[in-house]
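Enquirer: The listed protein sequences derive, respectively, from chains A and B. For the first sequence, the working numbering gives the first residue as 6, with consecutive numbering after it. For the second sequence, the working numbering gives the first residue as 6, with consecutive numbering after it.
Certain hints may be false.
Repeated chains share a single entry, so a pair holds when one copy, or any two copies, can fit it.
[As the list claims (entries may be wrong)] Derived lysine-lysine pairs resembling DSS-like cross-links, with alpha carbons at most 27 Å apart:
1) Lys256 x Lys26
2) Lys256 x Lys180
3) Lys195 x Lys26
4) Lys159 x Lys249
5) Lys195 x Lys57
6) Lys138 x Lys252
7) Lys178 x Lys64
8) Lys63 x Lys159
9) Lys178 x Lys198
Read the hints as simulated data drawn from the structure, not as lab findings.
There are 2 protein chains.
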Amino acid sequence: MRILICNDDGIYAPGISVLHKAVESLGERHVIAPDVERSAAGHAITLADPIKSMLVEKKGEFFGYGIGGTPADCIKLAVCAILRDTPPDLVLSGINLGSNTGISVIYSGTVSAATEGVVLGIPGIAFSLCTFKDPEWETAGRITREITEQIIAKPLPPGVLLNVNIPNLPYEKLKGIKVTRMGRSRFIEKFYKRLDPRGRTYYWLDGSLEVHDEGDDIDIHAVRDGYVSLTPIHFDLTAYDYLKTFKCMEKTF
Amino acid sequence: MRILICNDDGIYAPGISVLHKAVESLGERHVIAPDVERSAAGHAITLADPIKSMLVEKKGEFFGYGIGGTPADCIKLAVCAILRDTPPDLVLSGINLGSNTGISVIYSGTVSAATEGVVLGIPGIAFSLCTFKDPEWETAGRITREITEQIIAKPLPPGVLLNVNIPNLPYEKLKGIKVTRMGRSRFIEKFYKRLDPRGRTYYWLDGSLEVHDEGDDIDIHAVRDGYVSLTPIHFDLTAYDYLKTFKCMEKTF
């Protein structure tokens, strides 16, 4: 079992070290992750620029490759170049500091790394710890290992990845694990407009979360209720329910 | 009717001028687009950096705002700041030089601008002209106008955007308009490994398209057959067909 490890908080973030440690002994681990934080990178890839790669050490030992690109770049580069002769069997992404639930999923670099694995035919799991402060890394590490073991034992269906959100609680306070849907909750944006010293306009984005969903089976509510949220995610964006709606626009010239 | 116009090829690209011209007289046009090319930006947004904005002229007249951010940034900034008091009724993105069919859709900044409109509750349409050379802009402009007129007359359902791919043919050679599914065809990546003058490794991404799909109702095949492809797209990434598959992983502590 060769495990490719990535994230979007960057290779120096604590969460990726927790993930790396959590899956020790489950397989051969290869860390290939952005050299700096690339949060909210979505599914961006680098087409028109070179992508730098450097060796990164942690605690005096080789830890992995720091890549001057997005999470999706890292996975492509790992599978198609760095690990080309020994392709990974599993992509693990995270552990992200902050949840990836609701509409945030479409902006998430953490999820995007796992998605890219699945695009390339390799099962992927994205892990996020739902907090920005006082992270319960021990809980996150234990859940990450348990879920990874289960997926190794019973592989994911092709074309589907798992988006895992972990409540920031001591392990013994978790209520359980729940399969959920991606919700519609999202950040309501606010921009602060400023002028630079030369009088030119710039903006800072800020926002606050607005909860739009009802139902225990929604990712954000499962986490709020103390459950680890597991959402199966795919990347066929066709709105199948609406194919018929648009049939009236069809014509032949 | 206030129309917000964006793209991912950048505000100076010819396609956005064609779009701008094509929808003249359909409403009040506001161009808010990246200041440089941001192709393959996916649904990236800028969280940790300021976003610059400048006024851009074309042919000696004010054309729009050039934004130092991604396509999704532009739409957020437009709706939540620049046009906050007079929000747009429709987001049009493109006209992209190059197709956005198959798996490419998930990397597409063109599609992402329209998606962001829909996230914010504003109908969105993404337009792409399927070529990288000798673009038939006249065809693209006419189709863009026709489809925009239809959507103004019969609005899109909430939560759904339209991804339009236009074959690069003279208008009279088009076969028609077809409603399609997003295919699975994708670029097979190849990385070229090089060393910089200081001996450090970097890579260039290249790739060639591999067609994976069968069926006339697939986006890429509709375009190949001379049809304008209309794909309804949504952003609920839940793999509903697999919710039951993962039920066995549920537990209560």
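Enquirer: First find the shortest C-alpha distance between Lys178 and Lys198 inside one copy, then the shortest across copies, and answer within, between, both or neither for a cut-off of 27 Å.
Expert: So Lys178 and Lys198 fail the 27 Å test inside a copy (43 Å) and across (49 Å) alike.
Enquirer: One pair to classify: Lys178 and Lys64, alpha carbons no more than 27 Å apart. Within, between, both, or neither?
Expert: neither (32 Å within a copy, 65 Å between copies)
Enquirer: At most 27 Å between alpha carbons: which applies to Lys256 and Lys180, within, between, both or neither?
Expert: between (54 Å within a copy, 9 Å between copies)
Enquirer: If the cutoff is 27 Å on CA atoms, where do Lys195 and Lys26 land: within, between, both or neither? Let me know, please.
Expert: neither (38 Å within a copy, 31 Å between copies)
Enquirer: My question is about Lys138 and Lys252: at a cut-off of 27 Å on alpha-carbon distance, are they close within one copy, between copies, both, or neither?
Expert: neither (50 Å within a copy, 31 Å between copies)
Enquirer: First find the shortest C-alpha distance between Lys159 and Lys249 inside one copy, then the shortest across copies, and answer within, between, both or neither for a cut-off of 27 Å.
Expert: between (36 Å within a copy, 14 Å between copies)
Enquirer: 27 Å Cα cut-off: does Lys63 pair with Lys159 within a copy, between copies, both or neither?
Expert: For Lys63 and Lys159, the Cα distance exceeds 27 Å both inside one copy (32 Å) and across copies (58 Å).
Enquirer: Is it within, between, both, or neither for Lys256 and Lys26, if the alpha carbons may be no more than 27 Å apart?
Expert: between (58 Å within a copy, 24 Å between copies)
Enquirer: When no copy is named, should Lys195 and Lys57 be tagged within, between, both, or neither for a Cα gap of at most 27 Å?
Expert: For Lys195 and Lys57, the Cα distance is within 27 Å only across copies (15 Å; inside one copy 34 Å).
Violated hints for the displayed structure, listed by number in ascending order: 3, 6, 7, 8, 9.
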